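Trainee: One-letter residues, chain by chain:
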Amino acid sequence: MNKSENLFSTILASSAHDMKNSLGMLLNALNSILDALPEEHLKKSQSNIGIIQYESSRVSSSLMQLLSIYKIENNQLAFNPGYHNLYDFVEEQVLIHMPLIEARGFSCEIEIDESIEAVFDESLISMVISNVIGNAIRYAHSKIKITAEIGEYANITIYDNGPGYPAQMIEMAGDYIQGINNSTGSTGLGLFFAQKVAALHVHGEKSGSVSLQNGGPLGGGIFEIAIP
Amino acid sequence: MKKPLVRYSQKKVLIIEDFPEFARSLRGMMINMGSKQIDVVYNGLDAIQACKERKYDIILSDYNLGESKDGQQVLEELHSFNLLKSNTVFIMITAENTTAMVMGALEFQPDAYLTKPFNGNILRSRLDKSIHKKDLLAPISRMIKKKQWAEALELCNDTTKENPKFRMACLRLKFACLKSLKKYDKALELTTRIVNERPIPWAMLGVGEIFYAKKELERALELFLDMTQEFPMILEGYDWLAKIQYQLGQPIEAQKSLERAIERSPKALQRQKLLGEIAEENDDLGIMTSAFRQAVKFGRNSAFASPDEFIKLTKSIGKQLKGSTNVDRKKLIMEAESTFSKLNKRFKSDPGTQFRSAVAHADFGSITNDQEAVEKFISTANKHYKKIEEHIGAKESLEITESLKQLGQNELAESILEEAVEQYFDDPAFIKKAEKLTTNKHLIENSKKTNQLNNKAIQCFSKQDFNSAITFFSEASEIAPNNVNIILNHAQALLKRSQKDADNRQDLQKAEETLKRVTRLSPADNRYARYSELSRLTQLMLQKA
Numbered sequence: 000m001n002k003s004e005n006l007f008s009t010i011l012a013s014s015a016h017d018m019k020n021s022l023g024m025l026l027n028a029l030n031s032i033l034d035a036l037p038e039e040h041l042k043k044s045q046s047n048i049g050i051i052q053y054e055s056s057r058v059s060s061s062l063m064q065l066l067s068i069y070k071i072e073n074n075q076l077a078f079n080p081g082y083h084n085l086y087d088f089v090e091e092q093v094l095i096h097m098p099l100i101e102a103r104g105f106s107c108e109i110e111i112d113e114s115i116e117a118v119f120d121e122s123l124i125s126m127v128i129s130n131v132i133g134n135a136i137r138y139a140h141s142k143i144k145i146t147a148e149i150g151e152y153a154n155i156t157i158y159d160n161g162p163g164y165p166a167q168m169i170e171m172a173g174d175y176i177q178g179i180n181n182s183t184g185s186t187g188l189g190l191f192f193a194q195k196v197a198a199l200h201v202h203g204e205k206s207g208s209v210s211l212q213n214g215g216p217l218g219g220g221i222f223e224i225a226i227p
Numbered sequence: 000m001k002k003p004l005v006r007y008s009q010k011k012v013l014i015i016e017d018f019p020e021f022a023r024s025l026r027g028m029m030i031n032m033g034s035k036q037i038d039v040v041y042n043g044l045d046a047i048q049a050c051k052e053r054k055y056d057i058i059l060s061d062y063n064l065g066e067s068k069d070g071q072q073v074l075e076e077l078h079s080f081n082l083l084k085s086n087t088v089f090i091m092i093t094a095e096n097t098t099a100m101v102m103g104a105l106e107f108q109p110d111a112y113l114t115k116p117f118n119g120n121i122l123r124s125r126l127d128k129s130i131h132k133k134d135l136l137a138p139i140s141r142m143i144k145k146k147q148w149a150e151a152l153e154l155c156n157d158t159t160k161e162n163p164k165f166r167m168a169c170l171r172l173k174f175a176c177l178k179s180l181k182k183y184d185k186a187l188e189l190t191t192r193i194v195n196e197r198p199i200p201w202a203m204l205g206v207g208e209i210f211y212a213k214k215e216l217e218r219a220l221e222l223f224l225d226m227t228q229e230f231p232m233i234l235e236g237y238d239w240l241a242k243i244q245y246q247l248g249q250p251i252e253a254q255k256s257l258e259r260a261i262e263r264s265p266k267a268l269q270r271q272k273l274l275g276e277i278a279e280e281n282d283d284l285g286i287m288t289s290a291f292r293q294a295v296k297f298g299r300n301s302a303f304a305s306p307d308e309f310i311k312l313t314k315s316i317g318k319q320l321k322g323s324t325n326v327d328r329k330k331l332i333m334e335a336e337s338t339f340s341k342l343n344k345r346f347k348s349d350p351g352t353q354f355r356s357a358v359a360h361a362d363f364g365s366i367t368n369d370q371e372a373v374e375k376f377i378s379t380a381n382k383h384y385k386k387i388e389e390h391i392g393a394k395e396s397l398e399i400t401e402s403l404k405q406l407g408q409n410e411l412a413e414s415i416l417e418e419a420v421e422q423y424f425d426d427p428a429f430i431k432k433a434e435k436l437t438t439n440k441h442l443i444e445n446s447k448k449t450n451q452l453n454n455k456a457i458q459c460f461s462k463q464d465f466n467s468a469i470t471f472f473s474e475a476s477e478i479a480p481n482n483v484n485i486i487l488n489h490a491q492a493l494l495k496r497s498q499k500d501a502d503n504r505q506d507l508q509k510a511e512e513t514l515k516r517v518t519r520l521s522p523a524d525n526r527y528a529r530y531s532e533l534s535r536l537t538q539l540m541l542q543k544a
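Heads up: the sequence lines are chains E and X, in that order.
Going letter by letter, the first sequence gives residues 0 to 227 in numbering that gives the first Met the number 0.
Going letter by letter, the second sequence gives residues 0 to 544 in numbering that gives the first Met the number 0.
With the rest of the complex left out, here is chain X (with noise of 0.2 Å):
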């Protein structure tokens, strides 16, 4: 079979692998087929960090790699943080029969994986075959990556026509712009001719993902509870049926979805998570507490730990010691005391999170009645809360609010919730809960005034009436200054203005000026790409006025 020959000596290699001599076999192998530029790391972090120093063209990684990461969190980390070059190949050498592997998402599959024993000649063909669908390929990831999804999906036909061979992986690219560009009904049409022809699974999962784009809840439902059967194994539709089963109002169906993926896969850290949450609100501390047990026991090598899972854990060992007194109060009592000291460790540098876990540990004395704990706890509080500097979150705060007010520090209580309000102000479900909370009644009756006014202006806005539009974002941030949200909604409306005015200078002079009072939004925020998209916008047009 004709394939354009692979030069290995310009690639530069990563072995992943923690067995040394196994590693070295490999780096044989690789030598074996010309390659020059070879690297070794033998467990998940050096594997990071070398991928951060250096672009690899080719990773082969082992999936078990002792206790650190394991080769798909190596991998999803990779492209979470987009550590990974378009062609680059990632190939997963498992022990046994590969589809157990199939455990991982979908959607962060390597190119290709080898079992355990394999030859040279097997790498090599493997290798050949997905560099060469990989480079074919690259251009098109290349434009979804720069977000230019109309351009991608012309490319996606061009290269079917082209190579017919890779119509399915083009196929699946083409879904991807489709669902990107909101076509709705066009990647329903590509999915859904897909499976009637076969049951494929992202191709199933895709006709379920526009069915619930679409709003289509039963439809989706009805479709992920096909899949689930069908695939047993593939998790993701489990994910689905149950965030689906949540919003049609049947959270133990929803938990009980969860409960089946986690059976199945415990490894997950974002599924235990999302379980912890739902078996909270069904009042099933059994399953809350195990869930985030395990949350926090994953997330150890992963990138992806948040406080959360740490927080929640010693909220639902301080509920069973409330709840019962049939439990070994001592075990749990040294479980949570554990859990707060690997949260302020992992997170040591982080106020926010020292100040929250703080008033977590306080909450947590008071139901050991442990009264020097908790003075101790809410000085250290205190001590942490002056050091802050970024916006704590709606669900943050509520947390925290709760947790102040039963230890009676009304003060402090009072002025992290009205922060939180006049920044969350358009959530409903948040403000539903803040209203529950607070004395303030002015609080609450502002937020919603704020809400109007942010609307209103909104509606002038999309109609380019941009003048009322900047009357009413001013009116909002008199109510509430801090919000970020409304700053950047006048700072584009003053941009506009300017685009429409000759003499613009003034309106750009004033978008500016707004933008500086955007001072405490976290890089982690999600509404810090739209800031800095904004900032530099301001910047380019004040140097061409």
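With the rest of the complex left out, here is chain E (with noise of 0.2 Å):
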């Protein structure tokens, strides 16, 4: 990397933090002044505010992306791998997304057996996974489900029922950065940054991946992260 692009690199990664600290201000002042409405008008707003909370935690979360991947490009990300319990990892997952999920009717299947762990660090896996749940909500129809198995590798996938990822996207593996396109909304953000952290857990050999298919189960999209 050259001077200037890095000295714009950091400027990004500054901004990128500055501005997750006004939206965290923002969520709060929204948050005081819900606690201050009465009842009625609570409900007559319900859907905007929940447009308004939806939308600035995505927001968040991509700003979050964005600094992880500034640090991992900098060596400056504490990778810090440990042991966890699948089901209980998935299940704070879901958790994260329960309001929305319950706001939208949603049905969320974790099916895991209970007693097995891997090795990963659960901060960084954590951003990815939420991601994927996340996008399953706004563009799926009803129906989530969340499998993990551990072999060769820890593999957790994602269902949902809706209308499956573009095939443009399945097809580019590796290069997400192609997967930007403003007339669906996909910044690609979201895939770099599961592919990135994907590829920082390494174990002799192998290292740790991502895949987009279609179909499945539920018929909608898949995503699969193996982690070695």
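A portion of the hints provided could be inaccurate.
[Said to hold, decoys possible] Here chain X is said to cover these stretches of chain E; the calculated rule only asks that three of the stretch's residues, wherever they fall, bring their Cβ under 8 Å from a Cβ of chain X: (1) 26-34; (2) 75-82; (3) 93-101.
[Said to hold, decoys possible] FRET-style restraints, in silico, Cβ to Cβ: (4) 195/X to 140/E: 46 to 52 Å; (5) 265/X to 31/E: 33 to 39 Å; (6) 179/X to 10/E: 47 to 53 Å; (7) 179/X to 36/E: 52 to 58 Å; (8) 29/E to 36/X: 27 to 33 Å; (9) 140/E to 150/X: 53 to 59 Å; (10) 213/E to 195/X: 38 to 44 Å; (11) 251/X to 150/E: 25 to 31 Å; (12) 21/E to 269/X: 50 to 56 Å.
No wet-lab data here; the hints were simulated from the structure.
The structure displayed is predicted, hence computed values, not measured ones.
Every residue gets a Cβ at the ideal spot worked out from N, C-alpha and C, and that includes glycine.
Since each chain sits alone in its own frame, please combine them into the complex, following the hints.
Mentor: Dropping the structure here:
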């Protein structure tokens, strides 16, 4: 990276940080306004409030992904692998989105053996999985299913019953920046980030990866991350 | 998933959050879970105070607490001052990606991290899981606190069998027990097995620690070099690396290792101090000054601040003024003066520090050719010296003597050195430096004599020959009557002999008398614990006799 690019990405990172803080303040301010509002007003504005909360959490998680990518590229990320129970882990990722899952009447099924564990960086993989679940709620109709298995890799798979991933997104393995498509609202960031995080997980000769498919039991998109 | 139901109405909760808005929303979440006893504080200092007054079951702390201590500092202080229960759950709330916060020591990690924004569901889930885990492991932690390592070890095995889910946490506790029991081979086997499977940071650190404990410095060095490569953000790796490099006679490399850690996280008081000390040895004035400057800065909010970093900062400024004309003299002098006044204010009630500060201040005055200041601070020093009640430490005594000698205050210098030599005769590094400073030849000779007698006595003691041990300890005590170690050794030998003898009253009374000679030992001194244990035993045995 040359000097001016380096400076630019540093500015980008510190701006992302600053924007994230502002967003946090906005949300806090909104929450205290909501606290003070009478019940009937709340009901009337329910869907608008939902939009503000959902969209700001999306912005917030995008900013967080940007920051993490910056840190990965500048060797500033503290990679901290540990053993984690897969059921507990996935359950929490679902809970992050619980208010929205309930509001939209989604069903979310977790099918994971409660005794299995895998080695990964909890906070990084959490950002990936939580982001995928968030997108599934956004694009799918009513159903999400999450499974996890361990063999040579630990595979976490998220199925939904939406329209599935666009063909060109599935094809461009490894080159996710091409996924930028303003018409569908997909920036490719989530996938790019997922790929980066997966690749950080290395064990012996093996390293992590991400794959997309369509179909499966729910007939929609299938996201899978494999952690060695 | 079936988990025991947590009754939040019974739990005492502390919320530490500098934004009142967010504190209120956290409080709301806890009330929704059924909590009734919730305290809210807005900064780190109040948090410590609250924990002194009340034992909490749950602590929710923001990492970022504005100008005050941060959440990690709060957690470390609560640990160090023993203000947490064995099953207190501490949740750290962060504004960004949690791993950025793993900057804190591995040893003092919170039970869980939560990244803002989050909802009540996720808070509850984290709390449920952390409380469940903490409750299960608390009996082990309690035994470890009481130093019942062997029992704790057994309990680790039982707990793993019943709760395979907490296998890793149990292994980590088991490692701590094995290490404390000095069962190094078993401890090494345990961590090596984990690392061979997966390089988990704590286990890797553990392998290196054991190599170090077994004095296999080269292997330890290799391991920590690997570790800093594999986990460049786990900062303890650099600390260990520096320690080992230093001991292997590589101070330049040691300094570089510490610099790498500080590059990643400057907010570490102890690490900055250590860097400053090594840089001083390496004659790297620039790094020395900046390290102590940072140490003073980060010490402002910390309970672990000590006079050392203040004094050392003024010393390094003095060296800069002496060494080069190419510096902003006015600015540096102002910085040193303000450092002295901060030091005197912060350690107002400690005459020892006031004395040390005045001596260093006079020394600084002589560097800036301010004769008036020199005279003023020498007289201040003399005034404080009379009020000192506790022993002056070995390092501090050397520093003070050196300054006083340079200021031409030979008499005071020699008397301070004499006291220190009497106290620390068994520290060869200290004696070597003292020998260079003193003009009194008998002083070092006497200290060597005391050391020989003390060693002979210890040998007799370990052979259970208490009669000879007591004779030698008394002889050593005659040369160095105020030496705390000899007094304690002497008393211990007397107690031992009294246990063998039926008519033991005389030995016990003699032990009591001997211990009474310890009058200037500070509770902060690392010999204090032994002193109070021996005093307690003596009283107990006197009552029974």
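Trainee: Please go over all the hints and tell whether each is borne out by the structure.
Mentor: Comparing the hints with the structure gives:
| no. | hint | result |
| --- | --- | --- |
| 1 | 26-34 | holds (count 6) |
| 2 | 75-82 | holds (count 8) |
| 3 | 93-101 | holds (count 4) |
| 4 | 195/X to 140/E: 46 to 52 Å | 47 Å, holds |
| 5 | 265/X to 31/E: 33 to 39 Å | 35 Å, holds |
| 6 | 179/X to 10/E: 47 to 53 Å | 49 Å, holds |
| 7 | 179/X to 36/E: 52 to 58 Å | 57 Å, holds |
| 8 | 29/E to 36/X: 27 to 33 Å | 28 Å, holds |
| 9 | 140/E to 150/X: 53 to 59 Å | 57 Å, holds |
| 10 | 213/E to 195/X: 38 to 44 Å | 40 Å, holds |
| 11 | 251/X to 150/E: 25 to 31 Å | 49 Å, violated |
| 12 | 21/E to 269/X: 50 to 56 Å | 35 Å, violated |
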